[in-house]
Amino acid sequence: MNKNSRKALPLPISPENALARPALNALTTAVVTLGVVLTTGAASGAAQQAAAPETQTLHVLAGKSVLINLETRVRRVMVSNPLAIDATATSPTQVVVTAKAPGTSSLILWDQAGQSKMLDVLVDVDVSTLRDAIQQAYPGEPVQVQAEEGRVLLSGTVSDPRVSEDLVKMAAVFSKEVINSTIPAPPRHERQILLEVKFAEVDRTKLEQFGFNLFSTGTLNTPGSITTQQFSAPTNQASQLAGTFGQKVGTGSTTSSTGTSTLSTTAATSVAFTVNDLLNIFLFRPDLNLGATIRDLQTKNILEILAEPNLMAISGKPARFLAGGEFPFPVVQGGTNFSAVTIQFRPFGVRLEFTGYIADNNVVRLQVIPEVSTLDFTNSLTISGFTVPAISTRRAETEIELKDGQGFGIAGLLDHRTTVQLNKIPGISDIPVLGQLFRSRSVNRSNQELMVLVTPRIVDPVKAAPPPVVLPKGPVPFLNIPGFDRGLPKGEGAGKTPEKTSPK
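In the numbering used here, the protein residues as written are 8 to 511.
In case anyone wonders, no lab produced these hints; they're calculated from the structure. Since the structure is predicted, the reported quantities are computational estimates derived from the model, not experimental observations. Positions of the beta carbon are idealized from the N, C-alpha and C atoms, including for glycine. Hints are supplied without guarantee of correctness; some may be wrong.
Distance windows between CB atoms, simulated [claimed, not checked]: (1) Gly323 - Lys213: 38 to 44 Å; (2) Pro191 - Ile390: 54 to 60 Å; (3) Pro168 - Pro89: 54 to 60 Å; (4) Ser98 - Ala144: 41 to 47 Å; (5) Gly392 - Lys307: 42 to 48 Å; (6) Asn368 - His196: 16 to 22 Å; (7) Thr349 - Ala144: 23 to 29 Å; (8) Ala144 - Pro337: 46 to 52 Å; (9) Arg169 - Thr385: 50 to 56 Å; (10) Asn368 - Arg424: 44 to 50 Å; (11) Arg327 - Asn454: 26 to 32 Å; (12) His196 - Gly332: 21 to 27 Å.
Generate the whole structure from the sequences, applying the supplied hints.
Next up, the structure:
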């Protein structure tokens, strides 16, 4: 070994100046293990060229400083890009490199013997603040942020393309050059809720006359045995007659979900049932067909279907329905003698608003607001020559949890009306005493009840259909080859061998 040569050793960076942020531990470790080798002595040019070490790379964050300790005395220091870094020899064996702005620069060191060493210094952007900002703004997004040669690299998968655009805007504050390699996640199929609703209006006066045909006095079908848990079932009270059941003729048996009962001939009995609410007609009997009952009531002009909307909405999103119209009404504005009148419109008819949420185990939480409104000219007002009708409204608002396919009903929205109609012959009907013969007066009373039947169903997005199977077209070529089936076994059993025939 040459007497004037020294052993080349890596010169570590002072750990006192290592970066303290945990997010940059990997980068800090790489910088600490980086060394600068300066060889001294009178080695020949060929030997120096053969033993010249490779150029080392030093990564420094913008705004940070790195202290380089050397074993030899430094005579001169030079940087190629003073806009990126600044290097200062603080002592004969120490050099401080300060990163000023993102970019690259070469750092050249000369020792007392004239030997030189060059380092590539890469000034990166400090993206730790950007990582924290992204984590706070989008905590569920697995986005990786890296810095390289002054550029900010974004990678990972984002839930929405708009999130990717926001990330680029946030990164643009730290660097003018942002490389966005994020990939939007495939669209997530939201579960949907289909709401089947029936708005029905029932004439309670006719219903009381027809009600006895809806019930049975069988042993196992006693009214009151099954209820809706919200409304009581019809009660068996003799003092409140709603109908008289006829005689049971003959013997026989009926089978229900709980067993078999035997019917025998009995005398005529008078059993009364009180219809406490309309829901009991449909729900207290498990063996009653709802669709058939509604059709039967429609044919007897007892029940009228106002609307049957089917609404579908994404879980958590509202849906609205209106079957009706809007009527104009004047609004008197302030001014001289209140003469300014503007026209506004107000909707009326059958309205439905609902918001559904799908919870675990296919439980649907519904917030339903049904409404039926009609124009009421009997309570109208006259304003500035305009006749403004009143609005008769029946509205309900409820929140309930149901399983997929379960239904519930809303009833009890009553409308009692009394209408007095006077028919007379003008003139002669106003004569005292005799005028009574030429006029008539009738009083009509109506008792209507609104019923809303709601059934929610969970609808999953339709999956893409599999590609159709391509069948061969026309005759298959190899099946038409002469002698294709020659040599196949003959006979009934598959294990039989073909019989050998002697040539003729």
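Hint numbers the structure violates, sorted upward? 3, 7 and 12
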